[in-house]
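Q: So the chains spell out like this:
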Amino acid sequence: GENVEQHPSTLSVQEGDSAVIKCTYSDSASNYFPWYKQELGKRPQLIIDIRSNVGEKKDQRIAVTLNKTAKHFSLHITETQPEDSAVYFCAASSVTGGGNKLTFGTGTQLKVEL
Amino acid sequence: DAGVTQSPTHLIKTRGQQVTLRCSPKSGHDTVSWYQQALGQGPQFIFQYYEEEERQRGNFPDRFSGHQFPNYSSELNVNALLLGDSALYLCASSRRTSGGQGETQYFGPGTRLLVL
Chain D
2 GENVEQHPST LSVQEGDSAV IKCTYSDSAS NYFPWYKQEL GKRPQLIIDI
52 RSNVGEKKDQ RIAVTLNKTA KHFSLHITET QPEDSAVYFC AASSVTGGGN
102 KLTFGTGTQL KVEL
Chain B
23 DAGVTQSPTH LIKTRGQQVT LRCSPKSGHD TVSWYQQALG QGPQFIFQYY
73 EEEERQRGNF PDRFSGHQFP NYSSELNVNA LLLGDSALYL CASSRRTSGG
123 QGETQYFGPG TRLLVL
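From first to last, the protein sequence lines stand for chains D and B. Throughout, my numbering is defined as the position within the first sequence, counted from one, plus 1. Throughout, my numbering is defined as the position within the second sequence, counted from one, plus 22.
Take these hints with a grain of salt, some might be off.
[What the hints assert, rightly or not] Among the chain D residues that face chain B by a calculated CB cut under 8 Å, a handful are: (1) G17; (2) A20; (3) L47; (4) V96; (5) G100; (6) N101; (7) T104; (8) F105.
Derived by calculation from the structure, the hints in this document are not laboratory data. Every residue gets a Cβ at the ideal spot worked out from N, C-alpha and C, and that includes glycine.
Can you make the complete structure from the sequences, with help from the hints?
A: Set out below in structure tokens:
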């Protein structure tokens with residue numbers, strides 16, 4: 002089955018700096034890669050996603066890149082703000098067996114310091 | 023437009039008991055997935071329901087079962103509870119597409135289960 006690895010596990014940046022979180026996946030059939038932000042005690046919230054027919058996608062300060070050959074995708078946050086502090090999860094999905102489960106990475110605790 | 027809702031928000035049970043958790047999907051969605059999130063970890067896929075049938079299942083024992091109703095809402099049942107079942111149980115809803123690509127899943131607030 003699919004295995005998703007995520008690095009780093011913790012990331013501390015100064016306000017205004019950029020943050021990069023990297024994930025790798027194992028199943029070449031995976032074709033959908035969402036990123037979720039989860040604040041303490043709250044639900045995971047979708048912040049951006051990318052499909053396998055696209056190499057890069059941007060939404061204001063957030064961008065995601067996908068390298069299908071290397072089975073690697075990354076989240077880039079520019080001009081970080083204190084409200085960006087949270088745990089970020091990457092995930093990968095493939096449509097198999099009649100369903101499309103999400104396999105999550107282990108999460109990155111991002112702390113944006115003033 | 024209501025988002026994904028779950029009930030109850032919190033639950034305390036003892037070992038050996040049974041529990042039922044409920045989920046109502048986002049308006050317009052027809053697929054419900056359940057995930058277990060242990061403290062400090064990412065969500066783990068339990069199973070997914072579409073057209074009232076279990077379509078895909080993760081590596082969870084048969085003690086975990088589910089159901090989807092004609093209005094697309096869903097239940098997760100866990101029998102013979104173990105201490106290790108203590109976790110946040112998340113429901114996610116999506117709308118089935120025919121394109122062969124993964125569907126966007128939106129999560130509910132979760133039910134926090136504590137097994138004593």
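Q: Identify whether the interface hint at V96(D) stands, where standing means a beta carbon of chain B within less than 8 Å of its own.
A: holds, 5 Å
Q: Going by Cβ atoms only, is G100(D) closer than 8 Å to chain B?
A: holds, 3 Å
Q: Does the interface hint hold: is T104(D) within less than 8 Å of chain B, judged Cβ to Cβ?
A: holds, 7 Å
Q: At a threshold of 8 Å, is the proposed contact between L47(D) and chain B supported by beta-carbon distances?
A: holds, 7 Å
Q: Return the status of the interface hint for F105(D): holds when the least beta-carbon distance to chain B is below 8 Å, violated otherwise.
A: holds, 3 Å
Q: Once the shortest beta carbon distance from N101(D) to chain B is found, is it less than 8 Å?
A: holds, 5 Å
Q: Is the shortest C-beta separation between A20(D) and chain B less than 8 Å?
A: violated, 18 Å
Q: Please check whether G17(D) passes as an interface residue: C-beta within 8 Å of a C-beta belonging to chain B.
A: violated, 28 Å
Violated hints, listed in ascending order, are 1, 2; each of the other numbered hints is respected by the structure.
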